[in-house]
Each structure stands twice: as C-alpha cells, then as structure tokens.
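J.: Here is how the chains run, residue by residue.
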Amino acid sequence: EPEVTQTPSHQVTQMGQEVILRCVPISNHLYFYWYRQILGQKVEFLVSFYNNEISEKSEIFDDQFSVERPDGSNFTLKIRSTKLEDSAMYFCASSPRGQGQYFGPGTRLTVT
Amino acid sequence: AQSVTQLGSHVSVSEGALVLLRCNYSSSVPPYLFWYVQYPNQGLQLLLKYTSAATLVKGINGFEAEFKKSETSFHLTKPSAHMSDAAEYFCAVSDQSNYQLIWGAGTKLIIKP
Chain A
1215 EPEVTQTPSH QVTQMGQEVI LRCVPISNHL YFYWYRQILG QKVEFLVSFY NNEISEKSEI
1275 FDDQFSVERP DGSNFTLKIR STKLEDSAMY FCASSPRGQG QYFGPGTRLT VT
Chain B
-8 AQSVTQLGSH VSVSEGALVL LRCNYSSSVP PYLFWYVQYP NQGLQLLLKY TSAATLVKGI
52 NGFEAEFKKS ETSFHLTKPS AHMSDAAEYF CAVSDQSNYQ LIWGAGTKLI IKP
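Protein chains in written order, with our numbering: chain A, 1215 to 1326; chain B, -8 to 104.
In short, the hints are calculated from the structure, not lab data.
Careful, some of the hints might be misleading.
What the hints assert, rightly or not - Chain A is faced by these chain B residues, among others (derived, beta-carbon under 7 Å):
1. Lys40
2. Gln91
3. Trp94
4. Ala96
What the hints assert, rightly or not - For each label pair, taking beta carbons as the anchor points, the in silico distance ranges come out as:
5. B:Tyr30 - A:Thr1227: 23 to 29 Å
6. A:Gln1278 - B:Ser0: 43 to 49 Å
7. A:Arg1236 - B:Lys103: 46 to 52 Å
8. B:Asn32 - A:Leu1298: 31 to 37 Å
9. A:Ser1223 - B:Ser43: 33 to 39 Å
10. A:Glu1232 - B:Asn52: 21 to 27 Å
11. B:Ser75 - A:Val1226: 27 to 33 Å
12. A:Lys1256 - B:Ser75: 23 to 29 Å
13. A:Ser1295 - B:Ser0: 32 to 38 Å
No experiment lies behind these values; they were computed from the predicted model shown.
Beta carbons: idealized from backbone N, C-alpha and C, even for Gly.
Produce the entire structure from the sequences given, and follow the hints as far as they go.
T.: Shown next, in the form of structure tokens:
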C-alpha cells in the first residue's frame, strides 16, 4: 500500500539555523499539508498546498516558513531561522480529492 | 470557527470490553469528521471518515463511528478491545473535504489484561 514518507526521522539543529524537512506524498494525490505537534499539545495545521500554490495557511505559518514542491514527488517545509519553540513533531500529509488525509511518520525537530 | 472536544484524556478498558471514545464538534457548516490513531513513536493513521454519506461509518481494525447531527457527536466504538488497540486516538473536523483539519486533544486508550 502506498505511504507518505518523511525524512529525516529526527533532526537536531541550533537556534537560528535553517532546516528543510522533506516529504514524499502518495503519488496520485493532489493536496499536500504540513502539521505540527508540540510535545503534549494538540496537532496544529500549518499549511496546505494545491496546484503548486498555498491554498490555506495558519497564523503559525509566518514568514520564517515556506513550502515547495521542487519536482513531481517531493514536498518540503523550510524553516529559515529556527527558534526553540519550533521544536515539535512535523507531519506531512497528502490527500486525493475528498478522501481524507494520509499522514507520514513525522520528523522530530529538536532546536537547541 | 470549528472546534473538537474529546472527553477524557485517558480511557482504560479491559481486554474484550467495549471501547467508547467520545468526540463532540462544533461547525457552522456540514462537517467532515475523521478519527486517526497514533501508535507509540509512529505517525497518524486514518481510522475512518465521515463525508456526508452514511451516518454509521466502519473503519479499520473493527472500529466504527456514528455521526449524530442532533448531538454534534462522532463517537468511536469497538465491541471488543484488543491489547493491540492501545494507542492515542484523535478526532478531527474539516469544513471541506480537503481543507485543514482541526484536531481534538486526543484520548489515550489503555487496555488492561
């Protein structure tokens, strides 16, 4: 069964550094998402992407965040200058039209 | 604005007993509703979804949920708990099929032998 994959599984970075989290969505899906889950808190929506552009974004998704689909398979989340409070589990998801979102295993980001 | 409330951060049941995890939502439009499960150190797996078709939805691993508009509820049930059901369960709502999911806080299901 096709799956969403994410790399790396764990990323440790220093405050102020840039990180890129990578995702490979399921191949025939059209909609792509990033969510995050700070330890002990709810899952929070960051951004959705459709037809090569952002379709929705939350207040969390400020100028330090960006997303890209550089080729036909990858979907990346870039955090330009990481802060301690960016430490979280980041989940990528993809969806065919109207059928629910399918999540990857997540990348644990630790900012020190 | 949409919101999701899951009653009980932890639910403990004996193996073989009925599982009932509660989810109530608020939405100004007909909602799309989802249950996800997260096993320890793993991602979020879609258990089942309600997308305005049948109100009783069957999912994987023997779980089902019933959409009750009058009660604004979408409770998750399983007739007989198994040790492998121990995980955290999240209810989520969306106002369109491909829009952002709004999440509940999650309920940790503990299965007693």
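J.: Is it true that Glu1232 of chain A and Asn52 of chain B lie within 21 to 27 Å of each other by Cβ?
T.: Violated: the Cβ-Cβ distance is about 40 Å, outside 21 to 27 Å.
J.: Mind checking the CB of Lys40 of chain B against every CB in chain A and telling me if the closest is under 7 Å?
T.: Since chain A brings a Cβ to about 4 Å from Lys40 of chain B, closer than 7 Å, the hint holds.
J.: Is 23 to 29 Å a correct range for the gap between the Cβ atoms of Tyr30 of chain B and Thr1227 of chain A?
T.: Holds, at about 27 Å.
J.: Against the range 31 to 37 Å, how does the distance between the Cβ atoms of Asn32 of chain B and Leu1298 of chain A compare: consistent or not?
T.: At 23 Å between Cβs, range violated.
J.: In this structure, is the beta-carbon distance linking Ser1295 of chain A and Ser0 of chain B contained in 32 to 38 Å?
T.: The hinted range 32 to 38 Å holds for Ser1295 of chain A and Ser0 of chain B, with Cβ atoms some 34 Å apart.
J.: Would the stated hint for Gln91 of chain B survive a check requiring a Cβ distance to chain A of less than 7 Å?
T.: 4 Å, holds
J.: If you check the beta carbons of Lys1256 of chain A and Ser75 of chain B, does the distance land in 23 to 29 Å?
T.: This hint holds: roughly 25 Å between Cβ atoms.
J.: Quick check on a hinted range of 43 to 49 Å for Gln1278 of chain A and Ser0 of chain B, using CB atoms only.
T.: 31 Å, violated
J.: Should the hint that Trp94 of chain B touches chain A count as held when the rule is a Cβ pair under 7 Å?
T.: 4 Å, holds
J.: Does the Cβ distance between Arg1236 of chain A and Lys103 of chain B fall inside 46 to 52 Å?
T.: Given range 46 to 52 Å: violated, Cβ gap about 40 Å.
J.: Would the stated hint for Ala96 of chain B survive a check requiring a Cβ distance to chain A of less than 7 Å?
T.: Holds - the Cβ of Ala96 of chain B comes within 7 Å of chain A, reaching about 5 Å at its closest.
J.: Do the beta carbons of Ser1223 of chain A and Ser43 of chain B sit within 33 to 39 Å of each other?
T.: Holds - the Cβ-Cβ distance for Ser1223 of chain A and Ser43 of chain B, about 36 Å, lies within 33 to 39 Å.
Checked against the numbered hints given earlier, the structure breaks hints 6, 7, 8, 10 and satisfies all the rest.
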